[in-house]
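> Build out the structure end to end from the sequences listed, making use of the hints.
The residues making up each chain are set out below.
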Amino acid sequence: MKRYDAGALAVDGLDLELPRGECFGLLGPNGAGKTTTVEILEGLLDATAGDVEVLGMRWATDEHELRERLGVSLQQTHLPERLSVVEILTLFRSFFAKGKDPEDVLREVALEEKRGAWYDKLSGGQKQRLAVACALVGDPELLFLDEPTTGLDPQSRLQLWDVIETFKRGGRTVLLTTHYMEEAERLCDRVGVIDHGKLIALGSPRDLIASLGGQDVIELTLESGRPDGESVSRLASLAGVRGVRAVPNGVAIAADPLHVALPALVDHLRASGIGLERLATRHATLEDVFVSLTGRGLRD
Amino acid sequence: MTERRRSPLAELTLVRLRLFFREPSALFWTFGFPVVLSIALGVAFRSRPPEAVRIAVEAGPGAERVLAELAPAQGGDVRAIVMDAAEARRELRTGKVVLVVAPGGVRTYRYDETRPEGRLARRLVDDLLQRAEGRVDPTAIADDHVTEPGARYIDFLVPGLVGMNLMSSSMWGIGFTIVEMRTKRLVKRMLATPMRRSDFLLSFVVMRAMFVIVEVPVVFVFARLAFDVRVAGSAALLLGLSTLGALAFAGLGLLVASRAQNTQTAGGLMNLVMMPMFICSGVFFSTSNFPDFLQPYLRILPLTALNDGLRAVTSEGAGIGNATVTFALVVLCVWGLASFAAALKMFRWR
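Read top to bottom, the protein sequences are chains A and B.
Under the working numbering, residues 1 to 300 are what the first sequence spells out, in order.
Under the working numbering, residues 301 to 650 are what the second sequence spells out, in order.
Source of the hints: derived by calculation from the structure; they are not laboratory data.
Keep in mind that this is a model prediction, so the values were computed, not measured.
Keep in mind that the hints are not guaranteed to be accurate.
[Stated by the list, open to error] Keeping only pairs whose Cα atoms sit at most 25 Å apart, straight-line, the calculated DMTMM-like set for lysine to aspartate or glutamate is: (1) K127(A) to E81(A); (2) K488(B) to E141(A); (3) K488(B) to D139(A); (4) K488(B) to D101(A); (5) K121(A) to E480(B); (6) K645(B) to E68(A); (7) K127(A) to D139(A); (8) K127(A) to E323(B); (9) K488(B) to E81(A); (10) K121(A) to D101(A); (11) K98(A) to D499(B); (12) K645(B) to D46(A); (13) K100(A) to E22(A); (14) K484(B) to D120(A); (15) K114(A) to E323(B); (16) K488(B) to E53(A); (17) K488(B) to E68(A); (18) K488(B) to D62(A); (19) K645(B) to E65(A); (20) K488(B) to D120(A); (21) K127(A) to E480(B).
Structure, rendered in structure tokens:
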């Protein structure tokens, strides 16, 4: 699948297959090509080359049938400000031949109390839940969510995650994009990491994290600041250490198993007289996967 | 589930109506503005008794005699003032007087021949002076002054204002709304549903047509109460013509908005389309002021056709078989269908 945008390939040769019932996450930093990919799949952009098949159909021949069976939430949609929640939902419901009762959908996204409120009176989280509700009201088999929780506070994000998980439990398929790794880890059965329009990793969150070589990460902040290359390679040769990379003010070490790596590390630091400002351990995340694949942070 | 489900077109139209009535400024521009405009113009062009013609008489020998001969008409038809030659010229140049009488030697009338007031004043003053000096008209005459309702400027103006308002409210209302929906990515969002594209566009047209039922009577009722403007023909035909006009302009509004990416572009395009019609379509003055070779082109402009049709109904009481009315109906239908079809084809959905 390809798409030319201002002379450059926005998405270059992306091969993806989604089984029904899966929640798939497309991860990547801003500008990676996530939205382009999703909008091609949604039939809102044309691919310059390649093949797209959705639910066994193609956009060129089965557009109307596909639209009946897809739910779409765009990255940013401003719904009409002076329409109430229930009016907007009823409007979207009218477009679908089959679908759910708007009142039921309101309950699913926990907006019953706001049913009569105008759109411009809703909070960011409520607006986003309404946008997802508009995607759900046609009772879709496949749901596309483009950055559904970007810019939301943690509470609103949790509420939206509940909505998506309820939809998943019905055995439906979800494709979502996000640049929040914790979101992908919680919701997605599989993720594809995308950077500069290319797919650079594909697998379940657990497998991708395991591919780092360690489930745990030790973060060190050194008194001397950033370590030189020699001390990094010496750290890498310690027992239980699977990988070392420099981060601002210190190093991050992939450790497996942690109980072997940690004592070895502390002994080494003491023996070589390296002063330690801070040491912390945490579980590895998809963020670590992205950094180890690209050498950059997700929000750099 | 007990609630009856409306069709997508009905839902879309209902949404358009709700959004309109929740926007107070849109209400004013649609219903208040034509009333305010007809008050202003009605006051400016109200029927007045004929005004005295202002003329200057150059000071010098003979000035007193001219003034004496004009005395019977002084303050009525004429207001003559004696002033020196230089001042008289200045007053003439600035239009404060329309004629200067120079009595010395051969009596000379000084005036601008291209100004109708100047020519009228010359004939009036010359008649007064010649008669005072002994001329006798061979035939006795009598004047019969009439004011025909239906022939006043306000009677001409009101149908034109209705036409103009139908045009501008359709075009601005539809054009801006669509472009705003496009910049807010709402058009794209709707496209991602099974909504039929023609339903989306039709909802705007249907809404405009529904508005006519309120918009047009407001102006005519006001004009009747305030200026005694009467509709000679059938009110139903007037509404029918107005509806067709609204549909034609709704189509044009859709067409103008079909590609525009922002409101500035749309605004510019709308002015480009509407400005010629404001001037050439007989809103404020008759199209007959334009040269003959332009007439066929002016007549097929949608606003010209609408205004001509409305005037035929209001002042002549024309029925549906009347040539002007039939022509207007056909022209408006063609504009409406053609522009809607073109808009559907050209519309930028993404």
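> Give a verdict on every hint.
Hints versus structure:
1. K127(A) to E81(A): Since the Cα atoms of K127(A) and E81(A) sit roughly 11 Å apart, the hinted pair holds (cutoff 25 Å).
2. K488(B) to E141(A): Measuring from Cα to Cα gives roughly 21 Å; hence the hint holds.
3. K488(B) to D139(A): Status holds; Cα separation ~20 Å.
4. K488(B) to D101(A): Between K488(B) and D101(A) the Cα gap is close to 24 Å, so the pair holds against 25 Å.
5. K121(A) to E480(B): At roughly 19 Å apart (the allowed maximum being 25 Å), E480(B) and K121(A) satisfy the hint.
6. K645(B) to E68(A): Within the cut-off at roughly 23 Å; holds.
7. K127(A) to D139(A): Holds - the C-alpha atoms of D139(A) and K127(A) are around 19 Å apart, at most 25 Å.
8. K127(A) to E323(B): Judged against 25 Å, a Cα distance of about 21 Å means the pair holds.
9. K488(B) to E81(A): holds (17 Å)
10. K121(A) to D101(A): holds (23 Å)
11. K98(A) to D499(B): Given pair K98(A), D499(B) holds - Cα atoms ~18 Å apart, limit 25 Å.
12. K645(B) to D46(A): Holds, at roughly 18 Å.
13. K100(A) to E22(A): holds (22 Å)
14. K484(B) to D120(A): holds (14 Å)
15. K114(A) to E323(B): Distance ~21 Å between K114(A) and E323(B) Cα, so the pair holds.
16. K488(B) to E53(A): Cα-Cα ~21 Å, so holds.
17. K488(B) to E68(A): holds (16 Å)
18. K488(B) to D62(A): holds (18 Å)
19. K645(B) to E65(A): holds (22 Å)
20. K488(B) to D120(A): The given pair, whose Cα atoms are some 20 Å apart, holds under the 25 Å limit.
21. K127(A) to E480(B): It holds: about 19 Å lies between the C-alpha atoms, which stays within 25 Å.
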